[in-house]
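Now for the letters of each chain:
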Amino acid sequence: NAGVTQTPKFQVLKTGQSMTLQCAQDMNHEYMSWYRQDPGMGLRLIHYSVGAGITDQGEVPNGYNVSRSTTEDFPLRLLSAAPSQTSVYFCATKRGRYYNEQFFGPGTRLTVL
Amino acid sequence: QQQVKQSPQSLIVQKGGISIINCAYENTAFDYFPWYQQFPGKGPALLIAIRPDVSEKKEGRFTISFNKSAKQFSLHIMDSQPGDSATYFCAASKETSGSRLTFGEGTQLTVNP
Numbered sequence: 001n002a003g004v005t006q007t008p009k010f011q012v013l014k015t016g017q018s019m020t021l022q023c024a025q026d027m028n029h030e031y032m033s034w035y036r037q038d039p040g041m042g043l044r045l046i047h048y049s050v051g052a053g054i055t056d057q058g059e060v061p062n063g064y065n066v067s068r069s070t071t072e073d074f075p076l077r078l079l080s081a082a083p084s085q086t087s088v089y090f091c092a093t094k095r096g097r098y099y100n101e102q103f104f105g106p107g108t109r110l111t112v113l
Numbered sequence: 001q002q003q004v005k006q007s008p009q010s011l012i013v014q015k016g017g018i019s020i021i022n023c024a025y026e027n028t029a030f031d032y033f034p035w036y037q038q039f040p041g042k043g044p045a046l047l048i049a050i051r052p053d054v055s056e057k058k059e060g061r062f063t064i065s066f067n068k069s070a071k072q073f074s075l076h077i078m079d080s081q082p083g084d085s086a087t088y089f090c091a092a093s094k095e096t097s098g099s100r101l102t103f104g105e106g107t108q109l110t111v112n113p
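Note that the protein sequences, when read in sequence, are chains A and B.
Quick note: the first sequence uses our numbering, first residue 1, plus one each step.
Quick note: the second sequence uses our numbering, first residue 1, plus one each step.
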């Protein structure tokens, strides 16, 4: 099992460009989420999904879109990148409602110039 | 506004010593309090967690102490080892399922040999 995989590992964008950060899991987990990690601020929840076809906003959703068409994949889209979106992005999964542990992917380091 | 405040920002401990990291929260609706450990270049991983109905939980060298009236909880690492050098995050969730985590700012722990 690969667990939680994220691609790419690194990405540099120019302001205004769009891109999609990929997250895939092979654990058949219902719950998936995206966090961003910034120095001195910990991790902040961007969007999450409790199952295929269901998504909701987290703490810092502005500038990001998500969709969940399959159990396995939960892509994060930046429609028009801004320097404030420079961060390390982590995808996390959780087995389901009655399980507590979240499993984090290795992260994507994004720089917006 | 940081709902979970963590201190210290960095901590240096000698091998064999005790590492103590503290967190304080505002929202009394929080119902699940995990600690995550993150090594450089990796995603966070669950270390230990506690619910507010107990005052202490111990797993090996790691102990969480919880003070509900003071709205504080702390991580104690006994007999600290160089391999414990990592960044530690406290977190809290309003849901017993542990979804939608709110993280503290993080503490970078260095254990000197």
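It should be emphasised that the hints constitute simulated quantities derived from the structure, not laboratory data.
Warning: the hint list may mix true and false statements.
[To be verified] With a Cα cut of at most 30 Å, we get these calculated BS3-like pairs of lysine-lysine: (1) B:K42 <-> A:K14; (2) B:K15 <-> A:K9; (3) B:K15 <-> B:K57.
To see whether the hints hold, each was checked on the structure:
{"no.": "1", "hint": "B:K42 <-> A:K14", "verdict": "holds (26 Å)"}
{"no.": "2", "hint": "B:K15 <-> A:K9", "verdict": "violated (33 Å)"}
{"no.": "3", "hint": "B:K15 <-> B:K57", "verdict": "holds (23 Å)"}
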